[in-house]
Amino acid sequence: MTASPRTGTTVGLLLPDNQTPRFERFDKPLIVKRIKELCSACTVRYASSRHDVATQQQQVDTMITQGADVLILDAVDGKALRASVNAAARAGVPVVAYDRLADGPISGYVTFDGGQVGRLQGEGLLKALGDKAHDGQVVMMNGAETDPNSGWFKDGALSVLHDKVKIARAYDTLGWRPENAHANMSAAIASLGADKIVGVLAANDGLAGGVIAALKSAKVAPLPPVTGQDADLAGIQRIIQGEQYMTVYKPFRLEADAAADMAVRLARGESITNTKTTTDNATNTGIPTVLLRPQSVTAGNVKATVIHDGLYTTYQICSGKYSAACQRLGLVGRR
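Counting along the sequence shown from 1, when you hit position 254 you're at 254 in this note's numbering, and nothing is skipped either side.
Please note that the accuracy of each hint is not assured.
Claimed, not checked - With a straight-line cut-off of 35 Å between C-alpha atoms, the simulated DSBU-like cross-links for lysine-lysine are: (1) Lys164 to Lys303; (2) Lys219 to Lys79; (3) Lys276 to Lys28; (4) Lys33 to Lys321; (5) Lys79 to Lys276; (6) Lys166 to Lys79; (7) Lys321 to Lys28; (8) Lys127 to Lys321; (9) Lys219 to Lys132; (10) Lys219 to Lys196; (11) Lys127 to Lys36; (12) Lys166 to Lys216; (13) Lys196 to Lys276; (14) Lys216 to Lys276; (15) Lys303 to Lys33; (16) Lys303 to Lys28; (17) Lys132 to Lys276.
Unchecked claim - Label-pair distances were calculated between CB atoms; the ranges are: (18) Lys33 to Ala304: 33 to 39 Å; (19) Arg328 to Thr273: 46 to 52 Å; (20) Tyr315 to Ala54: 25 to 31 Å; (21) Gln58 to His308: 40 to 46 Å; (22) Arg45 to His134: 37 to 43 Å; (23) Asp280 to Arg25: 29 to 35 Å; (24) Ser217 to Thr278: 30 to 36 Å; (25) Ala221 to Gly300: 18 to 24 Å; (26) Gly193 to Thr278: 46 to 52 Å; (27) Gly130 to Thr273: 44 to 50 Å; (28) Gln327 to Asn274: 40 to 46 Å; (29) His134 to Ala54: 42 to 48 Å.
Since the hints were made in silico from the structure, they are not lab data.
No experiment lies behind these values; they were computed from the predicted model shown.
Beta carbons: idealized from backbone N, C-alpha and C, even for Gly.
Put together the whole structure using the sequences plus the hints.
Structure below.
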């Protein structure tokens, strides 16, 4: 199924949830904007599954039935969405896997290097721990087991940490939900003892928020270093405040632009030209892939990364109770 963008093309955009701030704040508007720049006659239909597999399966079916010419799919569960990807292929609708790889005949794939994400988190945690790396126990708060990226992040982190720290507890966090991370961290504190936990490798900023809330509830002070990912505004503010040590910033515009380019080309019946590598999933080989590199963000380089790139303004980060911390770091002038 192909259609000329000059006569109208429909791009289906399916994102996994609206709890992780990046999807609604950055990915969705950036993808829509770039598609419109490339194809003024294109229509984008958007759906969020709210992290429910059955909902996302139904959304894919609906978009195929309603005549979508191409789909950009960030799968809640890559294995569970295989049948939906197969259905799209039978209908002649190419699928671009966005951020997470799904099984089935995927036409193109755009993501950040998940192994490097984990390595940056592991390296950041080791730097923050210093001599304490050998003295206590580390908790790993991994992402959802159904998310293929979770294993990628975890493997990258373990490649750095495996012989340098004692990982006392490791959790797969159902649905990437902060409240589940809070519960898991509370269990770790009760089991290990708060004074024995020297650091937490949290797979993203939402989980980091849940971890830090649990540590505060247990009256842990000072807080141990905690990692994150996605450069959520709340995560950046915790870093400024000294509650979270680092996050992994993934310049979302690069990912969004690459996916939009793939989708428009596929809708036109053209070949994908913006890839330098390929990826295999459980069912197919040689999927054209754009693999992007993430960046580590700590209090020392917030200005040179997320502020410099326009992800957030200094005003957004330094408002209210964060003003004093921003002054100490030189992000804003003293009043």
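Verification of the supplied hints:
For the given pair, Lys164 sits about 31 Å from Lys303 by alpha-carbon distance, which is consistent with the 35 Å threshold. Straight-line distance between C-alpha atoms of Lys219 and Lys79 comes to about 40 Å, which puts the hinted pair past the 35 Å bound. For the hint linking Lys276 to Lys28, the alpha-carbon distance of about 25 Å falls within 35 Å, and the restraint holds. Restraint check for Lys33 and Lys321: the C-alpha separation of about 33 Å stays at or below 35 Å, so the hint holds.
For the suggested pair Lys79 and Lys276, the alpha carbons sit about 25 Å apart, so the restraint of at most 35 Å is met. Taking the CA atoms of Lys166 and Lys79, the gap is about 32 Å. The hint holds against a cut of 35 Å. Taken as a hint, the Lys321 and Lys28 pair is honoured in the structure, with Cα atoms around 29 Å apart against an allowance of 35 Å. Simply put, Lys127 and Lys321 have alpha-carbon atoms about 27 Å apart, close enough for the 35 Å limit, and the pair holds.
Restraint check for Lys219 and Lys132: the C-alpha separation of about 20 Å stays at or below 35 Å, so the hint holds. For the hint linking Lys219 to Lys196, the alpha-carbon distance of about 14 Å falls within 35 Å, and the restraint holds. Straight-line distance between C-alpha atoms of Lys127 and Lys36 comes to about 43 Å, which puts the hinted pair past the 35 Å bound. A threshold of 35 Å between alpha carbons decides the hint, and for Lys166 with Lys216 the separation of about 23 Å falls inside it, so the pair holds.
Pair hint Lys196 plus Lys276 does not hold up; C-alpha atoms about 45 Å apart against a cutoff of 35 Å. Our distance criterion of 35 Å between C-alpha atoms is broken by Lys216 and Lys276, whose separation comes to about 45 Å. This hinted pair checks out: Lys303 and Lys33 have alpha carbons roughly 26 Å apart, not beyond 35 Å. For the hint linking Lys303 to Lys28, the alpha-carbon distance of about 25 Å falls within 35 Å, and the restraint holds.
Proximity of Lys132 to Lys276 is assessed by CA-CA distance (about 41 Å); at most 35 Å being required, the pair is judged violated. Remark: the range hint 33 to 39 Å for Lys33 to Ala304 is contradicted by a beta-carbon distance near 25 Å. The hinted range of 46 to 52 Å is satisfied by Arg328 and Thr273, whose Cβ atoms lie roughly 47 Å apart. As the Cβ distance of Tyr315 to Ala54 is approximately 41 Å, the hint placing it in 25 to 31 Å is violated.
Hint check: Gln58 to His308, Cβ distance near 41 Å, so the stated range 40 to 46 Å holds. Checking the proposed 37 to 43 Å range against Arg45 and His134 shows it is violated: the Cβ atoms sit about 53 Å from each other. Range check, Asp280 to Arg25: Cβ separation about 32 Å, and the 29 to 35 Å hint holds. Between Ser217 and Thr278 the Cβ separation comes to about 46 Å, which falls outside the hinted range of 30 to 36 Å.
At roughly 23 Å, the beta carbons of Ala221 and Gly300 sit within the given window of 18 to 24 Å. A hinted range of 46 to 52 Å holds for the C-beta pair Gly193 and Thr278, which are about 48 Å apart. Checked against the given bound of 44 to 50 Å, the beta carbons of Gly130 and Thr273, roughly 46 Å apart, stay inside it. Range check, Gln327 to Asn274: about 43 Å between beta-carbon atoms, so the 40 to 46 Å window is met.
At roughly 46 Å, the beta-carbon separation of His134 and Ala54 lies within the given 42 to 48 Å, and the hint holds.
Of the numbered hints stated above, those contradicted by the structure are hints 2, 11, 13, 14, 17, 18, 20, 22 and 24, listed in ascending order.
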